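**Q** Please put together the full structure from these sequences, using the hints given.
Protein chains: 4
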Amino acid sequence: MKKVSHIKIKGKMSVNELVRQMDSAGVLGAGRLGKAVNICEAMIKDNDCKVFLGLAGPLVPGGMREIIIGFIENKWADAVVTTGATLTHDLGEALGYRHYQGNANADDAELLKKGFDRVYESYMPNKIYEGMEDFIEKNFERLKGKSSIKDFLWEIGRLTPRKSICKACFENKIPIFCPAISDSGIGLMMWGQLAKGKSAETRAFEDLKEIIEIAWGAKKAGVLYFGGGVPKNYIQQAMQFAPKSADYGVQVTMDRPEPGGSSGAELKEGISWGKLNPKARFVDLICDATIAMPIIYAALRERIKA
Amino acid sequence: MKKVSHIKIKGKMSVNELVRQMDSAGVLGAGRLGKAVNICEAMIKDNDCKVFLGLAGPLVPGGMREIIIGFIENKWADAVVTTGATLTHDLGEALGYRHYQGNANADDAELLKKGFDRVYESYMPNKIYEGMEDFIEKNFERLKGKSSIKDFLWEIGRLTPRKSICKACFENKIPIFCPAISDSGIGLMMWGQLAKGKSAETRAFEDLKEIIEIAWGAKKAGVLYFGGGVPKNYIQQAMQFAPKSADYGVQVTMDRPEPGGSSGAELKEGISWGKLNPKARFVDLICDATIAMPIIYAALRERIKA
Amino acid sequence: MKKVSHIKIKGKMSVNELVRQMDSAGVLGAGRLGKAVNICEAMIKDNDCKVFLGLAGPLVPGGMREIIIGFIENKWADAVVTTGATLTHDLGEALGYRHYQGNANADDAELLKKGFDRVYESYMPNKIYEGMEDFIEKNFERLKGKSSIKDFLWEIGRLTPRKSICKACFENKIPIFCPAISDSGIGLMMWGQLAKGKSAETRAFEDLKEIIEIAWGAKKAGVLYFGGGVPKNYIQQAMQFAPKSADYGVQVTMDRPEPGGSSGAELKEGISWGKLNPKARFVDLICDATIAMPIIYAALRERIKA
Amino acid sequence: MKKVSHIKIKGKMSVNELVRQMDSAGVLGAGRLGKAVNICEAMIKDNDCKVFLGLAGPLVPGGMREIIIGFIENKWADAVVTTGATLTHDLGEALGYRHYQGNANADDAELLKKGFDRVYESYMPNKIYEGMEDFIEKNFERLKGKSSIKDFLWEIGRLTPRKSICKACFENKIPIFCPAISDSGIGLMMWGQLAKGKSAETRAFEDLKEIIEIAWGAKKAGVLYFGGGVPKNYIQQAMQFAPKSADYGVQVTMDRPEPGGSSGAELKEGISWGKLNPKARFVDLICDATIAMPIIYAALRERIKA
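Quick mapping for you: the protein sequence lines, in order, are chains A, B, C and D.
Residue numbers 10 to 315, in the numbering used here, belong to the letters of the first sequence in order.
Residue numbers 10 to 315, in the numbering used here, belong to the letters of the second sequence in order.
Residue numbers 10 to 315, in the numbering used here, belong to the letters of the third sequence in order.
Residue numbers 10 to 315, in the numbering used here, belong to the letters of the fourth sequence in order.
Keep in mind that a hint or two might mislead.
Stated by the list, open to error - Pairwise CB distance ranges (calculated):
no.	chain 1	residue 1	chain 2	residue 2	range
1	B	ASN181	C	ASN112	35 to 45 Å
2	B	LYS12	C	PRO252	40 to 50 Å
3	B	SER208	A	ASN56	32 to 42 Å
These aren't lab readings, by the way, just hints derived from the structure by calculation.
Remember, it's a predicted structure, so these values are computed and weren't measured experimentally.
Idealized CB from N, CA, C, for every residue including glycine.
**A** Shown next, in the form of structure tokens:
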């Protein structure tokens with residue numbers, strides 16, 4: 010049995026040096042964060058492994074946008090699944106809007122008057138919807154015929170004026186999936202067009218062919234989840250079709266297993282479903298994604314040549 | 010200021026009598042549960058109010074199926090939004106399968122061999138997929154042309170051999186929405202057909218027209234959430250189109266606001282977005298849905314003539 | 010394997026009838042609440058079993074005072090361990106003060122001016138301290154010589170003018186322990202006397218003799234925890250001295266195991282320590298105590314002749 | 010209003026550089042961690058400020074022992090309050106025992122046989138109790154007469170053979186308090202002596218004089234909590250006696266406010282009590298202490314000359 014090594018901090022340390030210390034502590038949050046970085050490193054460096062990145066929660070209003078784009082541009086992910094909200098926040102920023110540092114105890118009726126939509130302590134300017142409406146209206150002809158949501162999102166990426174998550178996926182040919190795209194500001198803007206009598210042909214089940222094909226064809230698979238929700242679950246169900254289920258798994262969430270929902274379910278549970286290989290290397294980390302993601306990313310940047 | 014009344018238990022009490030005691034305690038979980046029942050009662054009894062019921066989490070594996078069907082059959086909801094998992098669990102039971110009482114500490118590799126898929130401490134027999142595959146294959150011709158997910162689900166309800174959530178919605182003409190339907194066993198069975206070269210025309214954005222029309226046309230609106238996820242968020246965004254935003258709100262979840270995600274966001278946050286009326290009656294209850302839902306339902310049954 | 014029975018609500022049900030339904034659902038929060046009542050019933054009815062009741066958290070400001078007194082007066086507990094805060098709230102109420110229904114989003118600086126101390130959404134009038142100061146000052150001579158905290162608390166119970174937790178313990182000769190009594194309003198009032206140069210002889214380690222003697226002499230032991238903290242841990246360490254460790258265990262808390270602290274630790278963990286018998290009947294319930302306690306108590310009242 | 014700056018990771022970064030990036034993101038976990046370091050830096054550098062450090066949870070089994078000792082040796086704390094468990098784990102290590110990296114899903118009955126006590130996924134060898142029993146027995150004559158728990162703990166520190174938290178406090182003349190000392194392995198070892206008919210005079214209320222005197226005499230006060238429980242609450246009540254209440258506050262915990270207990274209460278709540286100055290700089294951080302503590306400490310080490 011390995012001893013718990015007490016973390017030693019000596020003068021200026023790099024993030025990865027600290028993570029190595031955490032790894033040798035080996036238990037609880039610190040130990041799990043150390044292990045998470047090790048497993049991420051392994052799945053990214055394993056050339057046989059397809060990495061599925063699931064992203065949920067307020068990552069863009071939380072300042073994680075550059076890091077997510079980094080994951081994609083470094084080709085550390087082979088497929089991305091996210092929420093409509095993340096893509097809406099991302100498109101808003103790509104159109105020149107920003108999120109603001111706010112207050113979780115704000116007077117929400119006051120914010121309503123001032124035109125700010127609160128996301129806990131981050132504020133989104135409500136006029137973001139105007140910019141998105143213009144963008145979708147102007148580009149509707151290009152978007153309406155995309156039969157899969159992934160093609161729809163790649164097209165948004167192609168059309169987006171500035172660097173963005175969608176654009177990075179499009180340019181790097183990384184498939185990006187968003188099963189619940191209608192549940193988002195982008196969805197609402199599409200509805201705005203439909204409400205005028207136009208029609209959009211994007212199909213609900215179509216993307217399954219592509220994500221399952223990626224899983225099916227992967228010699229090995231790794232899953233990396235920041236947050237739960239549909240992104241995690243959608244990747245999990247694709248893992249049922251990976252030849253050996255997932256070989257690597259890292260989950261970072263504040264959700265817990267006891268209520269029984271998919272978001273908080275331990276990765277281990279996936280073994281029973283054939284989603285996770287019984288011999289997989291995996292770890293569940295209970296941590297705010299905005300804390301864990303920069304640490305994991307920074308440590309990986311020290312370990313992996315970009 | 011009202012005093013906290015200490016709850017008095019005298020001999021045999023009905024559920025509603027206990028809830029009334031909790032209401033006069035007036036604070037913390039008990040007080041909020043009391044208030045939740047009051048607000049549910051008000052929104053259901055208000056003839057001008059359209060009630061939107063959001064359902065997420067393992068409600069069917071958790072024994073809530075009859076209660077959910079009760080909500081629909083009592084016409085206590087005017088629209089239902091749920092997850093693909095709930096509909097999959099529901100369809101499985103409608104096809105004659107059941108969920109089982111298991112163990113959260115089970116050996117998942119053993120369960121895999123025995124053919125049980127674990128949902129925390131509930132088990133789903135894996136052969137449920139065979140029954141669903143047959144059902145979808147047999148009925149594919151009837152399903153493939155449904156352009157909205159709601160019509161797709163009503164058709165499933167129509168075709169379902171036994172009582173079910175979908176069937177109750179279909180028979181009572183309660184619209185049921187599931188934006189992320191592809192993220193589910195039902196989605197996988199549809200993929201099974203697509204993988205054979207067939208085609209399904211259900212569209213991703215189509216349902217927005219219907220849910221927003223309901224919100225738009227409602228004199229008042231009430232939201233009742235068990236769990237968060239896409240169901241809550243999808244109703245929340247429809248509320249932006251209700252003439253006065255939501256007038257009543259009850260949220261039951263174990264998720265918390267601090268990580269900033271939609272699932273755990275306090276209802277109050279919705280005021281800034283124009284989703285909740287600043288004068289609305291609302292309450293957030295942090296409680297396992299399988300505890301709160303039967304209590305709320307039983308108390309309502311005492312208060313409202315079916 | 011047992012099926013998950015779907016909970017059926019038919020007209021007016023008693024609390025115990027609902028709990029029985031939850032028990033036959035058998036999983037998640039509802040199933041665990043059902044099981045919790047069964048185990049409480051068993052430990053209380055088992056004449057060989059000494060029941061240790063641990064109480065932490067804002068139970069008095071949360072309206073649970075009558076129920077706690079009921080547990081004691083029904084002799085459903087053989088020893089009580091609680092926090093200084095609970096005893097302070099209890100003494101305050103016994104001296105004629107009350108707690109009030111407040112608002113979790115209140116302006117705390119405003120409350121400070123108005124003389125209300127906030128406990129989430131419950132308010133304690135700050136002048137409670139004056140009443141307690143008088144009480145302690147007036148009775149200091151009787152209190153100062155008590156060598157164990159238990160004797161100190163029984164004396165407070167004896168001196169208390171109205172019904173209270175301490176008084177119920179004193180009158181029913183149920184030992185009540187509070188290792189961290191100095192960490193409370195009562196502690197501060199004692200300090201007020203010490204600051205005047207008086208001296209109090211209550212000893213820090215003395216109570217251990219009594220609680221361990223109870224554990225040591227018990228043919229069987231049951232533990233019932235509402236909240237964690239010192240009360241749970243203090244009982245847990247006494248269980249190391251029970252001849253067969255605890256035979257029954259019920260834990261109700263919102264704390265979780267992952268941070269590794271005692272409060273959220275699963276009861277199962279106690280097996281490794283010799284605190285819980287490997288063959289014990291036990292359950293962990295993640296639930297707000299103000300919801301679970303009245304339900305458990307009401308169901309027990311239907312099952313057990315008082 | 011400040012924009013949320015997206016965190017940029019460029020090559021090798023020091024921990025403090027990453028924390029600075031988090032600070033300019035400014036929201037959610039990352040922003041709060043950034044703010045926590047700023048406030049810690051300010052309270053430590055403020056020569057008029059007395060810093061009260063509260064420590065709860067499995068910090069020693071979690072690998073935080075060197076860091077805690079560092080806080081003390083750097084004189085970053087003027088008073089320490091902790092749990093009996095922490096002091097027990099610390100003494101165990103000072104006597105030559107270690108904690109081990111274990112498994113949260115271990116078979117606890119097996120661990121019982123092997124002599125390991127589980128603390129989530131950390132294991133403590135049960136024979137630690139033998140070493141402690143010898144230590145307490147051998148030194149009982151020196152310990153029995155200490156009238157305050159602080160003096161008792163300083164004496165333990167003095168007697169401890171190796172570097173330890175208690176020893177660092179003793180050597181640096183930093184008062185260390187532990188109101189619930191009887192609720193711990195050290196308490197049990199003292200009981201072992203009492204059970205032999207010996208007597209120990211340490212008094213329950215005595216320490217209040219010293220901690221309140223420190224608060225009373227402080228021009229300014231800062232509170233830094235890792236975990237809640239008695240340590241936090243005991244410092245909080247001392248703050249009622251600080252001339253201006255606490256001027257700085259940082260709280261790191263996984264506990265939440267909704268259950269209403271002291272551990273999870275937001276610092277803001279303390280304003281109503283006169284524990285926190287309405288103009289104080291403070292932040293609540295929801296994070297595993299084993300993750301936050303090394304980051305905070307490492308960042309401070311870059312900012313503050315030791």
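**Q** Look at each hint and say if it fits the structure.
**A** Results of checking the hints against the structure:
Remark: the range hint 35 to 45 Å for ASN181(B) to ASN112(C) is upheld by a beta-carbon distance near 39 Å. For LYS12(B) and PRO252(C), the Cβ-Cβ distance of about 45 Å falls inside the hinted range of 40 to 50 Å, so the restraint holds. At roughly 36 Å, the beta-carbon separation of SER208(B) and ASN56(A) lies within the given 32 to 42 Å, and the hint holds.
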